[in-house]
Amino acid sequence: MGPSADRELHLTIGSRFENIELVQMTVDEVLRERGVPEDLRHWIGLAVREAVANAIKHGNRLDPGKRVDIAVGLERDRVEIRVGDEGPGFDPDRVGDPLAPENRLRTDGRGIFYMRKFMDEVGYSFGPGGGTVVTLRKRLNSSPAAGPGREERGMT
Amino acid sequence: MKIEKREREGVTILAVEGKITIGKGDVALRDAVHEAVGGGAGKILIDLGRVQTIDSSGVGELVSAFTTVRNRGGRLKLLNLPAKVNDILQITQLITVFETFDNESEAIASF
Numbered sequence: 001m002g003p004s005a006d007r008e009l010h011l012t013i014g015s016r017f018e019n020i021e022l023v024q025m026t027v028d029e030v031l032r033e034r035g036v037p038e039d040l041r042h043w044i045g046l047a048v049r050e051a052v053a054n055a056i057k058h059g060n061r062l063d064p065g066k067r068v069d070i071a072v073g074l075e076r077d078r079v080e081i082r083v084g085d086e087g088p089g090f091d092p093d094r095v096g097d098p099l100a101p102e103n104r105l106r107t108d109g110r111g112i113f114y115m116r117k118f119m120d121e122v123g124y125s126f127g128p129g130g131g132t133v134v135t136l137r138k139r140l141n142s143s144p145a146a147g148p149g150r151e152e153r154g155m156t
Numbered sequence: 001m002k003i004e005k006r007e008r009e010g011v012t013i014l015a016v017e018g019k020i021t022i023g024k025g026d027v028a029l030r031d032a033v034h035e036a037v038g039g040g041a042g043k044i045l046i047d048l049g050r051v052q053t054i055d056s057s058g059v060g061e062l063v064s065a066f067t068t069v070r071n072r073g074g075r076l077k078l079l080n081l082p083a084k085v086n087d088i089l090q091i092t093q094l095i096t097v098f099e100t101f102d103n104e105s106e107a108i109a110s111f
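In order, the protein sequence lines correspond to chains B and S. In terms of my numbering, the first sequence has 128 at position 128, counting the first letter as 1, and numbering is strictly consecutive. In terms of my numbering, the second sequence has 97 at position 97, counting the first letter as 1, and numbering is strictly consecutive.
Mixed in with the good hints there might be a few duds.
[Stated by the list, open to error] In silico EDC-like cross-links for lysine to aspartate or glutamate, where the CA-CA straight-line distance does not exceed 16 Å:
| hint | chain 1 | residue 1 | chain 2 | residue 2 |
| --- | --- | --- | --- | --- |
| 1 | S | K24 | B | E38 |
| 2 | S | K24 | B | E21 |
| 3 | S | K77 | S | E7 |
| 4 | B | K57 | B | D69 |
| 5 | S | K84 | B | D39 |
| 6 | S | K19 | B | E18 |
| 7 | S | K19 | B | E21 |
| 8 | B | K57 | B | D6 |
| 9 | B | K138 | B | E18 |
| 10 | S | K84 | B | E38 |
[As the list claims (entries may be wrong)] Rough simulated footprint, nothing fancy, chain B against chain S, three-plus residues with beta-carbon under 8 Å:
| hint | segment |
| --- | --- |
| 11 | 15–23 |
| 12 | 29–42 |
| 13 | 63–70 |
| 14 | 86–99 |
To be clear, the hints were calculated from the coordinates, so they are not data collected in a lab. For glycine and all other residues, C-beta sits at the position ideal for the given N, C-alpha and C.
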């Protein structure tokens, strides 16, 4: 979280899927208070859900004793959300393209795709002793009609 | 998440309400489809009209339902896609996989 964040929030959850709901509701409330339109909150919320779900499932391998740390930083026109797990890490470049014909009917492998579509930036960092932190960033000054992939429609 | 099951003219309609998301909604959808298929249903229409959100696991479950039914010689179609669910199926390009309808009678007649 940069020094310019004017509101910060930190959450720590155990690795249970039902906690995803809590995280999404909390992030949604913070964004609602800031006046972020419902549509934009919906897509940010979905990206956050995917990041936390990945941390629980792939990072912490469903071990309820392992924690997921979520940090939300609000700036005037941007939100940054970091989601950290205690897992062994992974190579994001080795995750297949869900739009490739051979992957189209796969039942998994769309989480990172969701995040990339709904957010402006998605980054990863890996701790020396393990643990992955996913960083999601989104500008908040887009129009209410802007849906997923708005950047591809030249609305940046 | 709630699923109501009913039959109309030989078509099994599963009306989903709530969130199709990891851990609960996706499992409920899987169970409902497997139960219908296990009971001999070959024509399945999933009504998504009251779905608020669908995450990547929920989308995966829709794909799984589609292939499960198809592999048994049946057909699975979708009804009443909310705008945000439609957006998701567009960006995942799954809209080209599923047959979708806005009108139940037209959907029933298409089987």
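Status of each hint after checking the structure:
no.	hint	verdict
1	K24/S - E38/B	violated (24 Å)
2	K24/S - E21/B	holds (11 Å)
3	K77/S - E7/S	holds (14 Å)
4	K57/B - D69/B	holds (14 Å)
5	K84/S - D39/B	holds (9 Å)
6	K19/S - E18/B	holds (12 Å)
7	K19/S - E21/B	holds (10 Å)
8	K57/B - D6/B	violated (31 Å)
9	K138/B - E18/B	violated (25 Å)
10	K84/S - E38/B	holds (12 Å)
11	15–23	holds (count 3)
12	29–42	violated (count 0)
13	63–70	holds (count 4)
14	86–99	holds (count 7)
Comparing the model with each earlier hint shows violations of hints 1, 8, 9, 12; every other hint is respected.
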